[in-house]
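Chains as they are written, first to last, in the working numbering: chain A, 1 to 395; chain B, 1 to 395.
No lab work stands behind these hints: they were computed from the structure. A couple of the hints might just be wrong.
The list treats identical chains as one, so a pair stands whether inside a single copy or across any two.
What the hints assert, rightly or not - In silico SDA-like pairs for lysine to any residue, Cα to Cα no more than 20 Å straight-line:
1) K27 x Y6
2) K2 x S239
3) K161 x D125
4) K2 x K174
5) K174 x P8
6) K55 x E159
7) K27 x P8
8) K322 x P187
9) K174 x G257
10) K174 x A385
11) K392 x H28
12) K27 x A356
13) K85 x R340
14) K322 x Q309
15) K188 x P214
16) K233 x H279
17) K384 x V368
18) K31 x E350
19) K30 x I241
20) K2 x G16
21) K42 x D66
22) K2 x A15
23) K301 x L317
24) K334 x L317
25) K174 x A302
26) K42 x P187
27) K161 x W127
28) K27 x F5
29) K384 x D66
Fair warning: this is a prediction, and the values are worked out from it, not measured in the lab.
2 protein chains.
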Amino acid sequence: MKFEFYNPTHLIFGAGTLSQLGEIAQKHGKKVLIVTGGGSVKRSGVFDRAVASLKSAGVAVAECTDIEPNPRITSVARGADIARKEGCDVVIAIGGGSTMDASKMIAAATLYDGDPWNLIGHGQDNWVIPTRALPIITVPTLAATGSEMNKGAVISNDESKVKSFVQANCLFPKVALVDPELTLTVPKDQTAYGVCDIITHVTEGYFSGIDGTPIQDRFAEGVIISAIEWGQKAVADGSDIEARTQVQWASVVALNGWVQAGTNYAPPVHMIEHALSAHHNITHGAGLAVLNPAYMRFVAKARPDRFAQFARRIFGLSGVDKDDLTLAMAGIDKFEDFLRSIGCPTRLSEFGIDDALFSQYAEDAVLVVHDENGHLPGRPPLSKADIVTVLKSAL
Amino acid sequence: MKFEFYNPTHLIFGAGTLSQLGEIAQKHGKKVLIVTGGGSVKRSGVFDRAVASLKSAGVAVAECTDIEPNPRITSVARGADIARKEGCDVVIAIGGGSTMDASKMIAAATLYDGDPWNLIGHGQDNWVIPTRALPIITVPTLAATGSEMNKGAVISNDESKVKSFVQANCLFPKVALVDPELTLTVPKDQTAYGVCDIITHVTEGYFSGIDGTPIQDRFAEGVIISAIEWGQKAVADGSDIEARTQVQWASVVALNGWVQAGTNYAPPVHMIEHALSAHHNITHGAGLAVLNPAYMRFVAKARPDRFAQFARRIFGLSGVDKDDLTLAMAGIDKFEDFLRSIGCPTRLSEFGIDDALFSQYAEDAVLVVHDENGHLPGRPPLSKADIVTVLKSAL
């Protein structure tokens, strides 16, 4: 193990913490740009409570609404224009992963003179990785992407049909204000897709990481076991605040870098899914539910012992009288059963997606991140042909 | 769960990373104060390698040597004097927990005009918690205290026989440069005491924390299981770099706050041990080995289900046909067996300590941290009489 870890985000976690927003924001600036999505935070009253807290702390407010799912670079540019015009010195994201990712890039684009698409990696020669951004405060209303406490953002370009990402230290939120009460109104299907996103963040590191990381293995297994247990409860009863709390906490820990520290983490399933959802407007977590078991079955053959460990430690399956690969496949079946049990799709056909663009998705998936052979990093790295094979098995 | 988490230390981990020290230090200042202990880092050549790296990066060096085990406030004052006289703008700790803790307080005391003992909590009316410190870089040469990546320091006052602590955000190291190669020369007994320190950081949170923290439970269990497995190997063969690496990593994760986030962590065993080692010059980790099983047997009665979970998940014991308390006690026996197997003492008599000062230790243990009843926080909180009972059972 040889690695670095750094995450300076101040996490404030717990039911009811939204009321602290004004007090927190005033430490970072005088006028905030609140970024929101399609309007659910207004319907739920969360927006009004946030504004009231800000105003009572003497913080002025401007607004950027209507960040779409799979947020577009045009929305980033629009947000940055508002921030500049209104003289905002802080960006507050209130919403899910799309809103948080767009907010991070709005915070960076506000201080950048060029085309904001330059800041996102999309195979260009001169990727301008951001070094400055307005202070960012994240207020997640969905447990899923983990964007609340990390330095990443995923942004789409509707023109070129590319969905890609950037990671930069200036994108770490100053504060992640994580109030599980805000997720109580998330519908059943979105709750399930969020749980799938959380688990995929952890499984793909678990399966693509290096050997010799026993503590990280246990951390990862702990998050997966807990997300399965409490995810089921949150889907079954959305008003269960204890379940919402545990799932929200799982979201934070699944992708703030700590579970993956030192594992040489690679996110191949996310990369393939991004290619898919750039072409089809499907929910990210639902796309992952389809792709992750297909991916697991493909790579299990190269590393059956690792998948056998997954089967044993996550699902308590016994390996007596079974070879590792048989046990591995039984574990993946169990995992797929779980996804189905909470209402996730597990086949591309459920989205009406056929094999017409499989080569294109494979091409797009390796566009930004690839090794010297042009393969998607992972264990093993996937060639474009491998990606097509995975996609075919998910039809 | 309602909590905050913040840890901005930049962790650089891995065998061979010591060579990066100069390059790292020059980002934080021009002249460093290197703080060391009894001389082992000079004998091992680590000091010379550190100085060579610093000099080649154009960083000037001053020295504060001879920080003793259970470091004293007089050494802190001496170090701060040197830092001021030499015009140092960075403090680098190269050593174990004592050296790191003293270095943190030297960094704070250099910028503080009063008596540095004011900065340490010891029951005084006006505890001056530090708000400023020189940048700190930790280079641990022992896997034990976790001080390398947290904001705490434990300091003793030889005059008043008080050993106490402070926690402050300014004490977070800017960088923790953690090179497991530097621990290859640690003798067998100190290696074992370090493993015990690591495990105790986790067990006392695990047993004293709130209910409803399933992810943190798994994190804690993962650290304990791994520290037991790899600790045995590191004690058996000190030259096993893989074992040294895993134990060093366990040290970092056991007390950088992440495993305990949201659990309402209390460290009762550490508090009792501090009282003991303020009066007797015993190694902190060895003191913990004696006190922890005694403490566990005492509090298990109040929370047998938690200890039964420990027995099942850490040692794989089966609870079939056993009540929780029986299973709990069997788990604690196993834990004590493990401590003995790596050469730790488990009785006060092994230090030649009798019951003469038991009331005094109990008094000292609650001096700094106590609840409204004067009890030592934990689950349950311990009265002074409880502490004496625990001590008696460890005779």
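Each hint tested on the structure:
1. K27 x Y6: Answer is between: at 16 Å across copies they meet the 20 Å cutoff, but 22 Å inside does not.
2. K2 x S239: between (43 Å within a copy, 18 Å between copies)
3. K161 x D125: within (19 Å within a copy, 64 Å between copies)
4. K2 x K174: For K2 and K174, the Cα distance is within 20 Å only across copies (19 Å; inside one copy 27 Å).
5. K174 x P8: both (7 Å within a copy, 11 Å between copies)
6. K55 x E159: neither (39 Å within a copy, 53 Å between copies)
7. K27 x P8: For K27 and P8, both the intra-copy (16 Å) and inter-copy (18 Å) Cα distances are at most 20 Å.
8. K322 x P187: neither (40 Å within a copy, 43 Å between copies)
9. K174 x G257: both (16 Å within a copy, 18 Å between copies)
10. K174 x A385: Neither. Shortest intra-copy (42 Å) and inter-copy (45 Å) distances fail the 20 Å Cα cut-off.
11. K392 x H28: Answer is neither; intra-copy 49 Å and inter-copy 53 Å both fail.
12. K27 x A356: neither (52 Å within a copy, 53 Å between copies)
13. K85 x R340: neither (47 Å within a copy, 68 Å between copies)
14. K322 x Q309: Close inside one copy (13 Å), not across copies (28 Å); limit 20 Å.
15. K188 x P214: neither (35 Å within a copy, 23 Å between copies)
16. K233 x H279: This pair counts as neither: shortest intra-copy Cα distance 33 Å, inter-copy 52 Å.
17. K384 x V368: within (13 Å within a copy, 62 Å between copies)
18. K31 x E350: Close neither inside one copy (45 Å) nor across copies (64 Å); limit 20 Å.
19. K30 x I241: Answer is neither; intra-copy 33 Å and inter-copy 52 Å both fail.
20. K2 x G16: between (39 Å within a copy, 9 Å between copies)
21. K42 x D66: Answer is within: at 11 Å inside a copy they meet the 20 Å cutoff, but 62 Å across does not.
22. K2 x A15: between (37 Å within a copy, 7 Å between copies)
23. K301 x L317: within (18 Å within a copy, 33 Å between copies)
24. K334 x L317: within (10 Å within a copy, 26 Å between copies)
25. K174 x A302: neither (41 Å within a copy, 41 Å between copies)
26. K42 x P187: Within one copy, since 16 Å is at most 20 Å while 63 Å is not.
27. K161 x W127: Within one copy, since 18 Å is at most 20 Å while 59 Å is not.
28. K27 x F5: between (26 Å within a copy, 17 Å between copies)
29. K384 x D66: Classified as neither: same-chain Cα gap 35 Å, cross-chain 60 Å, threshold 20 Å.
Violated hints, listed in ascending order, are 6, 8, 10, 11, 12, 13, 15, 16, 18, 19, 25 and 29; each of the other numbered hints is respected by the structure.
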